[in-house]
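Heads up: the sequence lines are chains Z and X, in that order. Counting in my numbering, the first sequence runs from 128 upward without gaps. Counting in my numbering, the second sequence runs from 10 upward without gaps.
Hint data in this document are derived by calculation from the structure and do not stem from the laboratory. Check each hint, because a few of them may be wrong.
For the chain X half of the interface with chain Z, some residues (derived, Cβ under 10 angstroms), not all of them [as the list claims (entries may be wrong)]: (1) Leu37; (2) Val39; (3) Val272; (4) Val273; (5) Gly276.
All C-beta atoms in this analysis are idealised placements derived from N, C-alpha and C, irrespective of residue type, glycine included.
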Amino acid sequence: MRARRVFRVGERALLVELASGTETEAFHAELLRRRAHGALPAVREIVPAARTVLLDGVDAPDLLAGQLREWTIPPLLARVERAIDVPVRYDGPDLAEVAALWGVSVETAVRIHSAAEFRVAFCGFAPGFGYLTGLAEQYQVPRRTTPRTAVPAGSVALAGPYTGVYPRSSPGGWQLIGSTDAVLWDTSREPAALLTPGARVRFVVESR
Amino acid sequence: MTDRAVAVVRAGALTTVQDLGRTGHAHLGVPRSGALDPGAARLVNRLVGNPEGAAVLETTVDGCAVRPRCAVTVAVGGAPCSVTVDGRPAAWGTAVRVGPGALLEVGAAVRGLRSYVGFGGGVAVDPVLGSRSTDLLSGLGPAPLAVGVVLPLGEEPSARGAVDSPPWPGPPDELVLRVRLGPRDDWFTGAALQTLATRAYRVSSSSNRIGLRTEGPPLERAVPGELPSEGMVLGAVQVPPDGRPVVFLADHPATGGYPVIAVVREGDLAAAAQAVPGTAVRFVPVR
Numbered sequence: 128m129r130a131r132r133v134f135r136v137g138e139r140a141l142l143v144e145l146a147s148g149t150e151t152e153a154f155h156a157e158l159l160r161r162r163a164h165g166a167l168p169a170v171r172e173i174v175p176a177a178r179t180v181l182l183d184g185v186d187a188p189d190l191l192a193g194q195l196r197e198w199t200i201p202p203l204l205a206r207v208e209r210a211i212d213v214p215v216r217y218d219g220p221d222l223a224e225v226a227a228l229w230g231v232s233v234e235t236a237v238r239i240h241s242a243a244e245f246r247v248a249f250c251g252f253a254p255g256f257g258y259l260t261g262l263a264e265q266y267q268v269p270r271r272t273t274p275r276t277a278v279p280a281g282s283v284a285l286a287g288p289y290t291g292v293y294p295r296s297s298p299g300g301w302q303l304i305g306s307t308d309a310v311l312w313d314t315s316r317e318p319a320a321l322l323t324p325g326a327r328v329r330f331v332v333e334s335r
Numbered sequence: 010m011t012d013r014a015v016a017v018v019r020a021g022a023l024t025t026v027q028d029l030g031r032t033g034h035a036h037l038g039v040p041r042s043g044a045l046d047p048g049a050a051r052l053v054n055r056l057v058g059n060p061e062g063a064a065v066l067e068t069t070v071d072g073c074a075v076r077p078r079c080a081v082t083v084a085v086g087g088a089p090c091s092v093t094v095d096g097r098p099a100a101w102g103t104a105v106r107v108g109p110g111a112l113l114e115v116g117a118a119v120r121g122l123r124s125y126v127g128f129g130g131g132v133a134v135d136p137v138l139g140s141r142s143t144d145l146l147s148g149l150g151p152a153p154l155a156v157g158v159v160l161p162l163g164e165e166p167s168a169r170g171a172v173d174s175p176p177w178p179g180p181p182d183e184l185v186l187r188v189r190l191g192p193r194d195d196w197f198t199g200a201a202l203q204t205l206a207t208r209a210y211r212v213s214s215s216s217n218r219i220g221l222r223t224e225g226p227p228l229e230r231a232v233p234g235e236l237p238s239e240g241m242v243l244g245a246v247q248v249p250p251d252g253r254p255v256v257f258l259a260d261h262p263a264t265g266g267y268p269v270i271a272v273v274r275e276g277d278l279a280a281a282a283q284a285v286p287g288t289a290v291r292f293v294p295v296r
């Protein structure tokens, strides 16, 4: 296993690069666990991404960098808390194309997606937009060659290894497979995002 | 009238409500936002007796005009500009009392880009995720000012600030940005690192609150291909495919997929926010 790399980022931040998405999620979970137990120095932001975790607002970055390189990271455990159920109407305009890419019928594609257990690897692109992992590798799909100028809020979409739900209408290049009425982003709620990094998620078929 | 508010009479090119930003939510994809010249925002607040983090107005290039509905102490700072109350000259960079219904005009920046208008009690729009800042990338916080919009003000503080004559460094003729190389400097050729450290760039007119864009020699990549998106910091010098470095300012995205060759010292970013298009830029690597 390749050792994790820790980079200085400016005066007060560190970027930890890991060998895989799974290791990144495990490292992020360990950061949150240590922070919850008061075993992490003050860090203003912990920002997970595809292969990295950024720690921003660190008082003694070089000291912390040395510690982060030495950590032993337990594997990601199946978490005891309940998964968030997101009800989905599998009616997206790209569903048939995704099924064709997978080499299955539309019905089977829906079954595959709604049977998977997802985890929010990280957020980005827009507030409350989560990148969810959980589909097997053979179900990766490319982005659309021509992005849409307006993807409706609540669209459930696929790109690469990820599933995402658009929190609000925006341009987007992901393959749209369905839609949900779940409120992904509400600033009067704590946390404002329904899908926060580390959360478990299931997509539940909603019949019309 | 007793209602504590100001009405917008002239919005200017872009005037937004700003405080010291919306930190702690980057993991949800929320930009930090906040005043681009935080020192100036803090100072106008101190001048009117506010806590430093009270919300102020940030203008761009050509100022703005507002009409308070109540008597209020104001201070205009940041980019130097003319200040008038009902057409009569008033002082820039110091506390000024404005009567109810009087017209406060903040003129075009004489030097620099962004002036700051502090009001006793602060702009009291509802905070979103702990901040009143307008975030132009993701649309959080109040919309940019528009004519006719009425902004609530907080209760005026009882004591005025103790600052009489604050030091106010003017915007420099040349923008010198001290940078620490990395985290992705190894994605660039040695020649590109040499170019960054030695050649002159200019501030591009397409700069905004998200980033200071530059024009100048492109930086050549040693590693082709895409970088998986990763967390971005304030001051990150991101290099998009055209090779021209972009310095991330307060409304920068929380994550990004272009390699960051270096990071500008936070203390140098206020000058970047005040640098007009065409200003010469030098990147100076430091440890």
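Comparing the hints with the structure gives:
{"no.": "1", "hint": "Leu37", "in the structure": "holds, 4 angstroms"}
{"no.": "2", "hint": "Val39", "in the structure": "holds, 5 angstroms"}
{"no.": "3", "hint": "Val272", "in the structure": "holds, 3 angstroms"}
{"no.": "4", "hint": "Val273", "in the structure": "holds, 8 angstroms"}
{"no.": "5", "hint": "Gly276", "in the structure": "holds, 9 angstroms"}
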